[in-house]
Amino acid sequence: MSNTQPLLEVRNLRVEFPTRRGTLVALNDVSFDIHPGEVLGVVGESGAGKSMTGAAIIGLLEPPGRIAGGTISLGGKRIDNLSPNEMRPIRGRQIGAIFQDPLTTLNPLYTVGRQLVETMTTHLPVTPAEARRKAIEWLELVGIPAAAQRIDSYPHEFSGGMRQRVVIALALCAEPKLIVADEPTTALDVSIQAQVIALLKTLAREKGTAMMLVTHDMGVIAETADRVAVMYAGRIVEIGAVRQVVKHPSHPYTIGLMGSIPPITHRLERMQQIEGAMPRLSAIPRGCAYNPRCPQVFERCRMDRPELMPAGETRAACWLYDAASEQGVLKAAQDA
Amino acid sequence: MTQPAMLETRDLARFFDVSRPLIQRALSREGRRMLRAVDGVTFEIPKGQTLSLVGESGCGKSTVARLVVGLYAPTRGEVIFDGRDLGDARSDATQRRRMQMIFQDPYASLNPRWRVRDIISEPIRAFGLLTDRGQIEARVGELLSQVGLSPLDGQKFPHEFSGGQRQRISIARALSSNPEFLVCDEPTSALDVSVQAQILNLMKDLQASLGLTYLFISHNLAVVRQVSDRVGVMYLGRLVENAPAETLFTTPRHPYTRALMEAIPDLDMTGRQRIPVGGEVPSPISPPSGCPFHPRCPLANDRCKAERPELIPARGTEQSQVACHAVEEGRDGGPQIEPAAVAMA
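Protein chains in written order, with the numbering used here: chain P, 1 to 336; chain R, 1 to 345.
It should be emphasised that the hints constitute simulated quantities derived from the structure, not laboratory data.
Treat the hints with care, since some could be wrong.
Residues of chain P clear of chain R, computed beta-carbon distances all greater than 12 Å [to be verified]:
hint, residue
1, 69
2, 71
3, 123
4, 267
Where chain P lies over chain R, by a calculated footprint (3+ residues, C-beta under 8 Å) [unchecked claim]:
hint, stretch
5, 192-199
6, 221-231
7, 235-245
Computed far set for chain P versus chain R, every beta-carbon distance over 10 Å [stated by the list, open to error]:
hint, residue
8, 16
9, 207
10, 275
Using N, Cα and C, we set each Cβ at its ideal position, and we do this for glycine too.
Chain R with its partners taken away, still in its complex shape (with noise of 0.2 Å):
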């Protein structure tokens, strides 16, 4: 990585208090119960790449991208902003221009009763940007341009857009700030599938003629894929794999990104015999102990359900990280080829 990093966090933690009232605690005698949405995640984004996190819903991908933003404050860790804590830089507004956030549903996301110009100009106010209302209203048409929308849609209202061109003006809002760098949390999730491909294009294309760096938070892997440089796949609150995009998908590591691979419906028609892992997702509340993973692993061992792995680099592969005793015993077979990757070749 010879870029500088755009982005990165350290140790970074989140615990929600999920206690019960004092009176039926100490009536009960007991304690408090914490969730650990996000505990102990480091990565980094280098400048113009994108780091995409993926995971089931509870394993602390959305909590990472709203503490990235300062929308919650970490309980424990840090995020360092090109080279700056953001703790430290929270209410500095040159910071805060710098990043913006597109948010997964383009019908909450815009308020109903504002105008698209409005909606749009709101952080180029709010910042104070620009001051002449002639210069706003010109920046405001060249957004909406670039975002492949009219500049005469700048008149309307939210409720006159489908749901991909809501998220074309969400994305339009975000770049009005100037921003390098962006977070994007499930941003075509709740998008068609003809419409998801335009706007993927677009955050593309963005990404390209104006050098953003991207956290990509989404469930859908195939969509990862053709978005990100690096992929960090997380499991209660941990990251579990941190690799180059390509040796994700073509050589995957941690059984868990393993069996999600494997639960994806094959379009293919390979015929293919799919084997669901079994068990659902622990609650985060009271996580298995070792590592989170061991109760639906088929390579557990004793090791596994009482020692913590830690994130470290994995035998074999020189980018990636692993946090599995069995890769790192070697116990998991050494790199495994994926069949669907075996069928491209």
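With the rest of the complex left out, here is chain P (with noise of 0.2 Å):
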């Protein structure tokens, strides 16, 4: 897969939020490359960027919310620097958005038909009628049952999981490359949850489509994802393979994580946890971002900000890791 062509490169990536007490900013020098029909999953606890990173590659950012510095390509062509109207032919046609809430997604006045003959007919050379068929074709795969009678009937009546399957079709309806799916399935009860988990990865896998799939449920990520960028304070701290990441995690932040996600095949007495919570964007502290509740946390890591470098199977951003310094020579020696 790292021999084609990434599909999306994201490089150095900064957002800023311009506030009367001074700039926040939310997202710091994030890099990543999605490669066609790859699913990379994003998981971070609320706040640390992964939603609004997914925001900037749409071109969706909340103002006063800017993208400040870095790149966003798309194809090899960028798309951080284009203004609404030009950007918005290529959402929809390019990338396609999948949201957390699928009643807020749907407009509620017009029928679901309408809303995906209507995308259909912006963007691909085709007829109403043709995309009426098509539209019907499409609810059809997502598993909508009845589709020929359900696509006149309006988003309120239907339930939650068959929405969350609307939405889907509505984002997949003019075959974009790339899909950005930002907490598709948190609405949803587990046993729907799977349903839909099952038709994304089937639908990716078909159509060849990449996706970044934002979510705080590690469980999620580790069915769906080939790779997985974790993110903490507006910045990526480990990336890698999901099965490294998830089974054998470098960052302490990602350790720590994972050993706080309650198992369901046994009872703990006590359930691992991390100290403290994740800190303001307005109060993040100097050096590495984590280090007030790392537990293994040395001078240096108050200091200076650590990049991403090779960790075991993975990249992480962490002193411990560094090979040039004491700790990371200690680190590799314990390891080996």
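These two chains come separately, so use the hints to put the complex back together.
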């Protein structure tokens, strides 16, 4: 997968929010690629910047938020500096978006059929009649029973799970190359969640669509993603193959995060917990942002900010893995 | 169960009237429509233990929580708290003081205009437990320390705290009336996973040190496994299975319980193929005939469509109760070990 040209390239992305009390940096130095047909999971806790990354890519940052540095390229072309008018045909046609709440994504005043037809006639060279036929096919594909009858129903006539299927059909019907899915299953019950994940996986595989899957649910990532990026306080702290990150995490934050997920297989006397909470954007500590909570913190972590560096099978932003330093040598010796 | 029950419900039910206005009903000649949110739930919680209710949205678990603390009056059935019917004791402050509730959303359940010390001391003042200002202040400081905050935090307002800290404040408020029984309605669902672990540990510590009894409501089975002694699985307003936690997780009996377990994303990446249960939870306004799960159940037959199964002790397990014809008739293939449990053994 690494020898193909990446579909999406994000380089040193920086997003800022100017406020009266100074500029807040919501995303800092975020870089990653997504290849065609690949699912990249982005995990992190609330406020880590995972949804912000998705919003920056689809060009829907909430003002006054703005891209203050770095580049986003889709298929080799920069899309971060386009005007809203230039971005509109790309969004929908080349990048599809799925959001958490299916009720706010759909227009309650239009039938789902009309919304699907409108999307297709806007982005694809099809007549309204063709579009309607294809809309029924899409609804069948995402598993809506009696699609030919339900196409003229309004969003409120569908249940939550069915609505999210309509949203998925809507995101996919213009056949985009990239889908940005922000917590697509969070609002759904577990049994429906399983259906929707299975559907997304199958469709992405069959259509060769790349996907950026933003979620706080590590279980969903483990089942769906090929690679995963872990975010903390506006930066990627670890990125690598999903199996490695889940099974053998390197960054102390990822280790803590994985450890605090309650297991379903057995009961623990005490759950592992990370002390404290993620810092606010206005008070990100100097050095590594995780240092006040990190059990393995040492002097350098409080001084300098670590970049992503090779750490075991993944890449982690942690001084423990700096081969040139004393701690890095120590860590390598421990691991060996 | 040698321990006396702290809380017991008998055939508890709550219906909501969702009829259209009278004129419209008269014009279209339709009757009243009732949403049966909870329809005949019986369970008991021994002192010092935790019973969890799990199920998907709309199954009635939060309605049970609200019935138990008296936020709703039951349509039918009774809630018995420490041997007394709460129907009679509804206005009895000494009874009410002994039970408290922790809500899901720590952003909505704390008054943003009140200082934390006022929020926490409100139950103390309302029940008249302490009257001296100095004593109240000391008690608030003690409660704040107990939940892992600083006594100085009492000066602050809720917006100065993170979600996890707010949930600690909610817990301190609940503890301020020295309750013996806490109803926790999804107390960690709005929290991040690392903070969730902190709150679950705190709740366990408090249970051990204060001898609290919990009714714990959650949709997250992994969380439920960590905190429960017994687990009740709800579907469309009814209990379909009620079993000791270990039994439920190692040998789930009801087909719905099995489906729920099956649906949990696999963090261990064993690569097992998940078979998602088809369909969705039907509307509680017009639940299916017979067993409410039969339209989605792989074991359903004609009896399941016609006859509603009662919650009865399951064959092969001592302590479990299951409401399923297939389990009763032995059509489910007996107790089956969950794949994950085999891998652990």
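Q.
Of the numbered hints stated earlier in the document, which are not met by this structure?
A. 4, 7 and 10
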